[in-house]
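Asks: Chains as they are written, first to last, in the working numbering: chain A, 1 to 422; chain B, 1 to 347; chain C, 1 to 461.
Just so you know, the hints here were simulated from the structure itself, not pulled from any lab data.
One should not assume that every hint holds.
[As the list claims (entries may be wrong)] Each pair of labels, with its calculated beta carbon distance range:
hint	chain 1	residue 1	chain 2	residue 2	range
1	C	TYR4	A	TYR52	19 to 29 angstroms
2	A	LYS97	B	ALA86	42 to 52 angstroms
3	A	LYS133	C	ALA129	27 to 37 angstroms
[What the hints assert, rightly or not] Now the stretches of chain C that chain A is said to cover, found in silico as 3 or more residues with beta-carbon under 8 angstroms:
hint	segment
4	284-294
5	429-439
For glycine and all other residues, C-beta sits at the position ideal for the given N, C-alpha and C.
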Amino acid sequence: MSTTKNNLLTPDKALKKRYRAEKRFQRMGIFAIFISLCFIVFLFTTIITDGYTAFTQTYIELDVHFDKKYFMEENLANANFPSLVKHSLYAMFPQVKSRRDKKMLKKLISPAAAYTLQQMVKDDPKIIGSSKKIWVLADDDVDMMIKGKINRNLNNQNRRIKDLQLAWIDTLIKEGKLEKRFNTQFFTSGDSREPELAGILGALAGSFFTLLITLSLSFPIGVATAVYLEEFAPANKWTDLIEVNINNLAAVPSIIFGLLGLAIFINFWGIPRSTPLIGGIVLALMTLPTIIIAGRASLKSIPPSIREAALGVGASKMQTVFHHVLPLAMPGMLTGTIIGMAQALGETAPLLMIGMVAFIADVPASLTDPAAVLPVQIYLWADSPERAFTEKTSAAIMILLAFLISMNSLSVYLRKKFEIKW
Amino acid sequence: MKIKAICAAGALALIMSSPAMAARHYISIVGSSTVYPFATVVAEQFGKTSGFKTPKIESTGSGGGFKLFCGGVGVKFPDISNASRAIKASEMKKCAANGVKEIVEVKIGYDGIVLANAKSGAPLKLSRRDIFLALAKQVPNPAKPGELIDNPYKTWKEVNPSLPNTPIEVLGPPPTSGTRDAFVELAMEKGAKTFDFIKAMKKKDKKTYKKICHTVREDGAYIEAGENDNLIVQKLQANPKSIGIFGFSYLEQNSDVIQGSLIEGKAPTFEAIASGDYPVSRPLFFYVKKAHVDVIPGMKEYLDEFTSEKAWGNDGYLADKGMIPMPNAERSQYKADVKALKTMEMK
Amino acid sequence: MYPYILPCIVILSVAFYLLGARRANSIAVFYGGTKNLHSLPSHYGLYSAICCALPPILVFVLWRIFEETFITSSLSQSLPQEYLTLSANELTLVYNEIKNVALGGFGANSSNQVIKDAATLYLANLHSARNLVCALIVVLGIIPPLFALKHISKDLRARNIVENIGMAVLIACSAVAILTTVGIVLSVIFEALHFFKAVPVSDFLFGLKWSPQVAMRADQAGSSGAFGAVPVFLGTFLIASIAMSVAIPIGLLSAIYLSEYATNRTRTLVKPILEILAGIPTVVYGFFAALTVAPLIRDIGTALGCSVSSESALAAGLVMGIMIIPFVSSLSDDVIHAVPQTMRDGSLALGATHFETIRNVIIPAALPGIVGSILLAISRALGETMIVVMAAGLSANLTFNPLTAVTTVTVQIVTLLVGDQEFDSPKTLAAFALGLLLFIFTLILNIIALKIVRRYREQYE
């Protein structure tokens with residue numbers, strides 16, 4: 001860089017060659033970074049183009065007459081809501097007569113529509129007897145069709161939406177009875193086997209509870225271990241053993257932590273399977289080394305002069321560490337913790353072993369309710385046969401990435417804000 | 001001292017949340033990943049309409065499911081195990097040893113196993129003999145009848161001149177999978193039987209016979225592609241020359257991009273599989289711990305829901321998801337058995 | 001009372017902290033200022049606070065652990081005779097039902113009068129027992145610290161006591177790491193030993209054929225059923241080495257560029273973006289490898305006229321390599337940073353170009369650290385699961401050709417454990433043996449890495 005400045009000689013061949021090597025090396029460095037950045041951009045574009053459509057959902061307007069004849073039973077929840085939906089739909093297309101056509105017509109509306117009506121009646125039983133225009137979810141195939149993920153030009157036989165249904169959809173669109181809306185369902189409900197009904201909230205809550213356990217276990221233990229090893233531990237075999245251990249645990253395949261969770265925590269301690277509690281404990285053990293290693297690095301960066309000053313005015317070792325060294329090292333430790341949490345948030349493999357790869361429709365409300373977490377939800381949706389789950393998968397990935405990136409940014413911000421150059 | 005406060009708070013939070021007092025009020029189901037997409041539909045329907053909690057369904061594989069299921073009777077063990085194969089006698093023994101003596105077997109329907117390739121390729125018309133010749137590890141020597149050689153076929157045309165001249169590349173389930181087990185038995189064994197000397201062997205030396213019929217070649221023509229059937233579908237699209245083996249529901253959902261191969265002249269359609277014309281389909285089951293039925297809230301109602309016509313009937317929602325219903329008589333038989341909680345005989 | 005017991009303990013300990021500190025202060029006045037006390041007033045405060053909090057918390061934890069057993073055993077006496085003959089596990093079912101009825105779980109309703117009575121009794125027992133525990137906790141939270149308060153004197157070594165307790169906590173925390181390792185070993189070793197009863201260790205370690213196709217049912221003949229781990233490990237190393245041949249150059253070059261050439265702005269911008277690569281969930285990478293990269297490589301291969309498997313090791317390896325870049329780059333970055341500036345200045349002063357300085361001075365100086373970080377990255381690659389589960393195959397080929405399908409240890413563990421096969425067959429058990437072997441392998445790698453890093457550290461500190 002500065003070598004060209006006071007160059008008194010004319011650059012000879014060898015020197016030129018050295019400069020060229022210099023330039024080449026720099027370019028290689030830029031190229032390496034460029035490749036990684038390209039990959040990130042490529043990955044994000046793929047996911048976003050696949051997934052952004054999941055944030056809207058197709059709705060169909062139904063004229064529902066809450067006929068009293070459906071609500072003869074005492075318990076309103078037992079009323080035949082699917083049949084109510086069906087007949088409302090038939091009323092909209094009176095020209096459909098044959099049983100086969102009716103069956104096809106029925107398939108335009110999601111089975112979820114019945115749940116919507118059920119909820120309405122439950123909320124306000126006075127509705128019975130009146131007529132209402134209600135927007136209900138369209139079936140996932142209709143939704144895929146509207147979003148252009150089913151090719152209209154294929155011949156009838158190979159298409160999941162048949163010609164007849166296409167015609168009906170076109171009529172609905174013409175009459176303004178079919179529209180795409182923002183998919184609030186996706187953020188407010190748990191998992192479902194109907195793609196149009198499936199939501200991310202259950203997995204989000206599961207991830208939240210799991211991380212809560214992970215954080216409340218791994219942060220205190222991690223910080224305490226880091227402090228002990230860095231500040232107090234005598235240099236002996238025991239300390240050596242702990243150190244080798246921690247470094248090794250940082251690199252142990254995550255799936256082995258799953259085996260540990262299965263054998264010790266579930267079978268031996270009897271912690272219930274599939275709960276955030278067990279997931280959190282396993283992930284805490286997994287992230288512990290990350291936090292310890294980051295914590296030690298951060299303690300190491302505190303100059304000895306701080307310690308010497310504190311000891312010099314008569315503080316005990318414990319006081320020195322807890323009153324002076326640790327507060328200064330805290331930002332670094334927090335950074336490490338956030339990175340560890342991000343790692344835990346994205347982890348799937350160990351959860352395979354402890355029963356968290358499960359269908360859980362209800363949003364978990366406590367640490368011992370069965371729960372799925374975000375990456376597991378992604379894994380499960382990716383394996384579902386329905387086409388419409390593809391976009392849901394990508395959308396879930398987008399949400400997970402958004403969380404990870406904001407956690408990473410937070411750690412970068414903390415690092416920048418509290419970084420002290422000694 | 002801040003740290004200590006945080007430590008203490010963390011520890012306290014954990015104690016507060018300790019599971020000691022939580023009674024289980026949901027049904028816990030484990031088992032096969034093949035039954036999973038069907039059981040979950042029932043569970044959801046049940047949870048949405050009955051007022052009980054939605055059951056928790058884990059996808060653990062049939063073997064993993066039985067392991068948990070047979071762990072014993074008690075709250076921490078699952079109530080129901082889904083399976084893509086019938087329970088084995090040895091597994092029942094293990095169950096009994098752990099106190100799980102009364103098990104109700106429920107057959108729920110069939111799952112078609114299809115061979116399919118991308119729409120961009122030509123549809124295949126296969127016989128089971130072709131499948132056997134293409135995929136078995138050892139095949140009869142065409143030059144010397146009655147003798148077995150390592151599978152020499154590299155293209156479909158070599159197997160059968162009427163087939164296209166494309167290399168044999170089949171993406172299928174691994175040996176740990178029940179789908180593979182059923183495929184081998186229903187497609188390959190039947191194919192092998194078309195050779196008289198192999199058929200004759202069945203009586204003389206059953207072990208060798210089975211070995212010939214059930215061993216899939218390991219030289220790269222059969223690719224063990226894992227249990228994620230969606231991934232197989234997408235790999236087929238990426239590579240039109242390869243053929244995939246997977247469950248019927250994946251074919252149905254992706255009928256615009258992949259096509260099922262005809263087996264013995266029969267296309268894998270819902271009707272053909274239901275009527276038994278299409279030869280490769282296998283039953284699906286779930287197993288219920290009788291001791292749990294009265295104790296875990298909602299068990300009876302869940303069983304009712306699963307065995308109702310609107311679920312597993314010909315026009316039921318399970319059929320919409322791609323499960324092939326049982327014939328009427330068989331359905332009512334199993335429904336009655338479930339109602340009476342008829343337990344399995346110890347084998 | 002019971003739900004508020006924890007806040008109660010907290011309030012009590014805060015109160016006793018203040019009382020303790022105050023008492024110390026008042027004693028200090030007597031002796032002429034706090035400087036004449038053995039410890040600071042806050043130490044005396046903490047001392048009494050610990051005396052207040054520790055016994056109740058201990059009782060509470062014990063109660064939480066044994067509450068279940070205690071209450072249920074108190075029930076068992078009241079249950080009719082026929083229930084007492086049930087096995088322990090069957091009894092848990094009965095208790096679950098009782099609890100569901102008592103606590104009003106979902107739709108729990110029993111027609112059985114015995115259960116209903118038991119539920120009422122259960123609630124009554126629970127309440128009285130909890131009240132008892134509350135009383136005990138309150139007593140324990142007041143009496144000992146009162147004694148402690150009385151005990152406070154000029155010569156009480158409160159600081160030593162408090163610090164010793166703190167030290168014990170610290171040591172206990174660092175023992176968690178050891179316990180985890182012990183737990184891991186324990187959880188795989190028994191099943192692994194079972195496996196080695198069925199398959200000899202030597203066959204497993206040195207067998208060249210992996211084909212876990214043993215019979216799934218008794219009436220079925222499997223195939224060879226060979227459990228030779230060599231091809232599985234070979235596949236793992238093949239994929240890991242492909243990954244490393246992507247990650248090492250890219251990671252190292254970007255680390256060097258960022259720490260030696262880049263302006264501060266570029267550095268602050270690019271480094272976090274690179275770290276995103278490490279944060280992306282591996283499931284996402286798995287999809288990407290299986291659906292985008294693998295077909296691409298296949299197409300390129302076909303265009304070049306060589307046969308490429310659609311689950312080639314190359315695809316999984318490349319994507320895994322990209323995932324590992326940040327591990328290599330950020331660790332090496334730290335190491336390069338740690339090389340003393342004086343060494344750089346010396347080299348530049350002698351007329352070396354920047355590149356020559358890097359090549360001849362910085363890299364050799366940082367080499368042990370870089371090697372250490374690479375070894376850590378390798379063990380990351382060996383243990384990666386989701387990418388290979390989705391993108392690599394399951395066929396264990398004994399090959400070095402990156403264009404064919406290979407399988408890895410983690411893939412086998414997953415498929416063996418979640419398959420449909422009989423659960424105590426050698427097939428399932430093999431997963432544990434593989435896990436054990438993998439654990440030992442990463443352990444050895446890490447010990448080597450640590451040794452190298454240590455040597456380096458000694459050089460510059």
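Asks: Does each hint fit the structure? Answer for all of them.
Replies: Results of checking the hints against the structure:
1. Under the hint 19 to 29 angstroms, the C-beta atoms of TYR4/C and TYR52/A, about 48 angstroms apart, miss the expected range.
2. Taken as a hint, the range 42 to 52 angstroms holds for the pair LYS97/A and ALA86/B, whose Cβ atoms sit roughly 45 angstroms apart.
3. In this structure the supplied range 27 to 37 angstroms is violated for LYS133/A paired with ALA129/C, their Cβ-Cβ distance being about 57 angstroms.
4. For the segment 284-294 of chain C, the stated coverage by chain A is satisfied: 4 residues place a CB nearer than 8 angstroms to a CB of that chain, which reaches the threshold of 3.
5. Counting residues of the segment 429-439 of chain C whose beta-carbon sits less than 8 angstroms from any beta-carbon of chain A gives 4, enough to reach three: the coverage restraint holds.
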